[in-house]
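Let chain R serve as the given structure and place chain S on it in line with the hints.
Residue-level listing of the chains:
Number of protein chains: 2
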Amino acid sequence: MKLMKPFGKQFNLTTGVIDGADNHWTRYLKEMRGMYQDREVLNEIMNSDNPLIYEVYEVSVPEEAGQLIQCTSIIYPGKIGKEYYMTKGHYHKKKSCAEVYLCFSGQGYVLLQTEDGECETVEMKKEAFVYVPPYWAHRTINVGKEPLVFTGVYPAEAGHNYGSIEKVGFAKIIVEEQGKPVIKRNPNFKVK
Amino acid sequence: MKLMKPFGKQFNLTTGVIDGADNHWTRYLKEMRGMYQDREVLNEIMNSDNPLIYEVYEVSVPEEAGQLIQCTSIIYPGKIGKEYYMTKGHYHKKKSCAEVYLCFSGQGYVLLQTEDGECETVEMKKEAFVYVPPYWAHRTINVGKEPLVFTGVYPAEAGHNYGSIEKVGFAKIIVEEQGKPVIKRNPNFKVK
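Each protein sequence line maps, in turn, to chains R and S. Numbering follows the working numbering, with no gaps: position 111 of the first sequence is 111. For the working numbering, count along the second sequence from 1 and bump the result up by 1000.
Isolated chain R (complex conformation) (with noise of 0.2 Å):
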């Protein structure tokens, strides 16, 4: 058997970026539109830019049973309307494999849901370790003024489903309120 050999690379706990990265992603707000509830406020900030929303690095590894693909997200600080900048969000295509994180600075949590509509928060902050279970979608929010920078680690067969939330979003959406975040029923979800 040919096996793959070790290898090492660096990355950076302040901005996130891994040199030598084997993927690099930028999401801007154009490709999650319908992801946001204040259409007049998306529309207009849409009408004059594209800011980008968050970006990963990713260390590729082959999509077999037992590897491990590190990916590190930069999630921007910002709001469209009310609501904070956070990530797409997704199911794990394979939906019996967990994902880890590791936060090395910011402030925001991560609002996971099964596809019984079951919803939690854990929030995540500089060293906060939080575990997604196998079964839940996951989606990260900043609520911070700050970059909110974390580390994932999941298996590579795990794979991603992102039309199931693109369908029916997420339960809870979180908006600031007085200067605070705010856990709120997401008015515009569906149960499949």
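Fair warning: there could be bad hints in the mix.
Below 30 Å or equal to it, Euclidean Cα-Cα: the simulated BS3-like pairs (lysine-lysine) are [what the hints assert, rightly or not]:
| hint | chain 1 | residue 1 | chain 2 | residue 2 |
| --- | --- | --- | --- | --- |
| 1 | S | 1094 | R | 9 |
| 2 | S | 1005 | R | 190 |
| 3 | R | 95 | R | 126 |
| 4 | S | 1167 | R | 2 |
| 5 | R | 190 | S | 1002 |
| 6 | S | 1167 | S | 1093 |
| 7 | S | 1079 | R | 9 |
| 8 | R | 5 | S | 1082 |
| 9 | S | 1190 | R | 5 |
Per the computed footprint, the stretches of chain S lying under chain R, defined by three or more beta-carbons under 8 Å from a beta-carbon of chain R, are [said to hold, decoys possible]:
| hint | stretch |
| --- | --- |
| 10 | 1093-1107 |
| 11 | 1130-1136 |
Not close to chain S: a few residues of chain R, all C-beta gaps over 12 Å, as computed [to be verified]:
| hint | residue |
| --- | --- |
| 12 | 30 |
| 13 | 39 |
| 14 | 56 |
| 15 | 97 |
| 16 | 179 |
Simulated from the structure, these hints should not be mistaken for lab results. No residue lacks a Cβ here, since even glycine has one placed at the ideal position from N, Cα and C.
Showing chain S alone in chain R's frame:
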């Protein structure tokens, strides 16, 4: 199906301590006697002392396919003769399972080895990411003057096989020569 709940914990980037860790191991020299080359120095130290070589904090989850274990290791600075403090080292019982390391502070190496005796080293330092591919035994060595602190993430079904490394050792050792770490052939190494 009864789903596991998401959860969060706090870890310390400087000390490596995970608050509310489910497991905490300490490895003293006594448990690693057979792993160092210089018997004379080893016996001399053991006559009067039994120093703590490293400790591990672990967040445990069910040992099922798809689940992930996170643990943080702290290897203290020190030497037994010329040989630096290090972890015992192991293969995964389920050999196809990889592991991801993120280093937060200190200076060292991961020593990796296949069952055919192929041997590799990858540097560990602040902000190093190291990939331990499937089928490679792995040991971490602190060659610096400060604790070497890093987190490992691996599949919960991986398990540990220490026995085979206890029997045959690693093909290489890392020793201090003229104040610097040098990677050398292990004179006591036996291929299984």
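Hint-by-hint comparison with the structure:
no.	hint	verdict
1	1094(S) - 9(R)	25 Å, holds
2	1005(S) - 190(R)	22 Å, holds
3	95(R) - 126(R)	28 Å, holds
4	1167(S) - 2(R)	25 Å, holds
5	190(R) - 1002(S)	22 Å, holds
6	1167(S) - 1093(S)	15 Å, holds
7	1079(S) - 9(R)	27 Å, holds
8	5(R) - 1082(S)	28 Å, holds
9	1190(S) - 5(R)	22 Å, holds
10	1093-1107	holds (count 8)
11	1130-1136	holds (count 7)
12	30	30 Å, holds
13	39	30 Å, holds
14	56	15 Å, holds
15	97	5 Å, violated
16	179	24 Å, holds
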